[in-house]
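Peer 1: Going line by line, the protein sequences match chains A and B.
Add 161 to the 1-based position in the first sequence for the working numbering, that's all there is to it.
Add 168 to the 1-based position in the second sequence for the working numbering, that's all there is to it.
Worth flagging that the hints you see were computed from the coordinates, not collected in a lab.
Among these hints, one or two may not hold up.
Not everything, but these chain B residues come out facing chain A in the computed CB check (under 7 angstroms) [to be verified]:
{"hint": "1", "residue": "Y232"}
{"hint": "2", "residue": "E275"}
{"hint": "3", "residue": "A279"}
{"hint": "4", "residue": "L280"}
Source: prediction; values computed, not measured.
Yeah, the Cβ is synthetic: ideal placement off N, Cα and C, and Gly gets one too.
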Amino acid sequence: MRIYLDHNATTPLRDEVLAAMARSLRDDFGNPSSAHAEGARAKGALEDARERVAALVGARPGEIVFTSGATEANQLAIHGIATATGPRRRLVTSGVEHPSVAEPTEAMGAVGWPLTRIAVDPDGRLDLEALATELEAETALVSVIWAQNETGVVSPIERIAELCRSRGVPLHVDATQAIGKLPVRLDRVPVDLLSASAHKFNGPKGVGFLVVRGERPLAPWLRGGGQERGRRGGTPNVPAIVGLGVAAELAATELDERAACGAALRDRLWRGIEAKTPSVRRNGDPTCVLPNTLNVEFTAAAGEVLVEALDGEGVAVSAGAACASGAVHPSPALLAMGRTPAEARAAIRFSVGHGNDVGQIDHVSTILPDLVARARALAAAEGGSR
Amino acid sequence: MSERVLVAMSGGVDSSVAAALLVEQGFDVVGVSMRLSAEGSRCCSLDDVEDARRVATALGIRFYVADYTDAFRREVMEPFADAYLGGQTPIPCVACNGRFKFHRLLERARALGAERVATGHYARIERGGGDAGLELHCGADPRKDQSYFLFDLGPDQLSRACFPVGALTKQEVRERARRLGLGTAEKPESQEICFVPDGDYARVVETLRPGAAPGAGEILDEEGNVLGRHRGVHHFTVGQRRGLDLALGRPMYVKRIDAARNRVVVAERSALGAAGARLVGVHWVAGRAPASPVRARVRVRYRHPGAEARVEALDRQGAQVAFDDPVEAVTPGQAAVFYDGSQVLGGGWIAEAVS
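Can you make the complete structure from the sequences, with help from the hints?
Peer 2: The following block contains the structure:
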């Protein structure tokens with residue numbers, strides 16, 4: 162039996178989602194832009210999903226733009242607003258953004274857009290005073306992550322939103338990790354643009370959305386066809402969007418229960434690790450973190466090898482950000498929090514979700530001490546031969 | 169529970185079949201690809217990693233990529249460049265296969281709960297008679313034998329190493345790969361040093377050690393007559409004919425490189441033979457040097473069939489080799505490996521050829 166504790170990487174598809182997608186793949190084959198009955202049926206499925214997503218985030222259906230995922234939604238938000246508001250005005254973001262925000266803003270910085278990255282403290286908390294100082298009338302966009310994918314640290318979005326509103330600066334929030342784990346209600350928090358991805362909350366991969374509040378002008382990223390009110394060209398992936406809709410509805414209904422169960426398991430795991438494994442420390446402000454996420458530094462261990470050793474024992478976790486080439490890159494988020502590369506390399510992210518139980522959590526905290534000892538022996542041997 | 173074995177998977181056919189054989193034998197196999205170079209070198213490129221991953225998936229085994237780019241540069245590539253700049257012609261694959269790969273992978277194996285490491289080398293490990301330790305032997309396919317690269321493995325490394333294709337020929341390996349439907353069955357051989365895919369050693373040396381390459385110098389004959397000029401000693405290796413640009417009406421070959429004085433010494437082919445070689449860093453597979461000189465077939469480079477010789481162990485991991493007949497292109501920096509039949513007795517690094 163596998164124990165999957167990597168729900169921040171991706172989540173298993175819920176049965177309800179799978180059933181709805183299978184039906185849609187078979188029945189909703191029409192093109193939603195077509196005038197005939199087949200088209201109308203697909204269009205109906207699309208708009209039904211749009212309503213469910215809008216209900217989840219407290220927005221109007223017309224404010225939802227379906228995309229291929231949060232990466233596309235982030236690019237659409239950043240380029241779309243920047244292009245629509247005129248050239249080379251300041252972009253403000255944080256030092257702990259996901260690469261799908263960090264890299265596009267970096268690329269724009271390289272071609273002349275002034276770019277400011279707000280620092281975080283050693284617990285991963287954003288420096289709000291610095292943000293207040295950096296905000297100027299000429300700022301094109303502020304883009305911050307709602308909940309950090311590696312540490313789970315939650316940004317004070319309400320206060321950031323107030324600040325942006327008071328200065329008249331549009332705010333984009335990458336809420337990919339927050340949806341389904343925290344209340345994300347745009348009718349209560351004045352966020353202007355919000356990105357998310359279905360596969361992080363038990364929906365399918367390859368589909369996500371951007372919420373664009375109000376009538377804000379947004380230059381399209383993919384042009385051609387005029388779909389999504391001209392904001393995203395291309396025939397929509399109807400069955401995936403149907404799956405997203407069902408996953409959104411489940412997330413809305415189960416939010417409180419998920420948060421409570423997640424936090425109980427997460428806290429139990431931390432207590433078990435702390436009690437049984439020496440020299441560990443928790444990364445990220447524990448008072449302000451996603452209910453499902455636990456980032457632990459196993460001091461002086463080789464994190465990537467610990468991931469492999471746990472995998473061999475049937476446990477899925479992650480170290481830093483996954484990279485196809487196998488290159489070991491210490492987590493940029495942990496480096497931004499002032500960790501050394503060696504400390505960042507020793508960090509493991511546990512993220513719980515649907516399907517986890519107390520028995521699994523206790524099993525993991527029981528097998529960890531031996532595996533950590535071996536991963537420490539390896540790091541010591543490698544250090545010795547350097 | 170079955171024994172867990174870590175197998176080094178390069179993405180080539182040999183290590184693919186090595187992994188497959190271990191799976192057939194019932195081991196709990198964990199595949200690891202070593203990422204050695206950040207640049208696109210041929211031996212460990214992303215394509216090769218993906219080939220290895222696909223084989224692992226087909227075999228149903230776990231597979232990981234281990235990043236050793238920093239250590240590889242420090243322990244293999246830079247010493248290679250330094251040796252070239254010192255007038256030697258190094259063979260980095262020996263240092264890489266023995267010390268580097270096995271050392272690293274055995275460390276990693278322990279962390280993953282495995283004691284042994286398997287590779288796709290064509291070599292065999294046999295248990296010696298009596299209280300003798302493990303013996304290292306040539307692979308069964310004489311054209312593919314890679315025991316030359318492994319002479320430096322220590323007793324602990326040898327006891328934890330495993331060469332599943334060592335008893336097969338290359339043709340048998342390919343046939344097995346085809347039968348198993350492995351995507352790497354028809355993959356061509358890699359021949360060059362992995363981080364010098366185009367054979368341009370001088371450029372690699374200059375890239376690794378910018379500014380350290382020596383400038384132009386003199387080409388002399390053995391009597392000390394200046395015959396011409398060269399572009400830097402790192403462009404030359406013993407036995408080389410090309411690139412000398414001497415118009416003497418007869419072919420001349422590099423006999424010796426004097427890096428300290430930035431000189432290349434040339435001679436006619438008939439004068440290239442060496443009567444012997446002085447070795448350093450000698451390793452004896454049995455774990456101790458023989459008390460008296462031994463007869464052995466000595467290979468002075470990877471593709472060398474070997475020359476009959478007398479090998480005498482010296483102090484401080486040294487050895488003196490005396491060939492029965494002169495041997496051409498005995499090149500400082502290459503390994504000299506001693507064989508008794510198929511058995512590897514040991515080997516060392518050529519410090520100088522003896523006339």
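Peer 1: All the hints need checking, so say for each whether the structure fits it.
Peer 2: Results for each hint:
no.: 1; hint: Y232; verdict: holds (5 angstroms)
no.: 2; hint: E275; verdict: holds (5 angstroms)
no.: 3; hint: A279; verdict: holds (4 angstroms)
no.: 4; hint: L280; verdict: holds (5 angstroms)
The structure agrees with every numbered hint stated previously.
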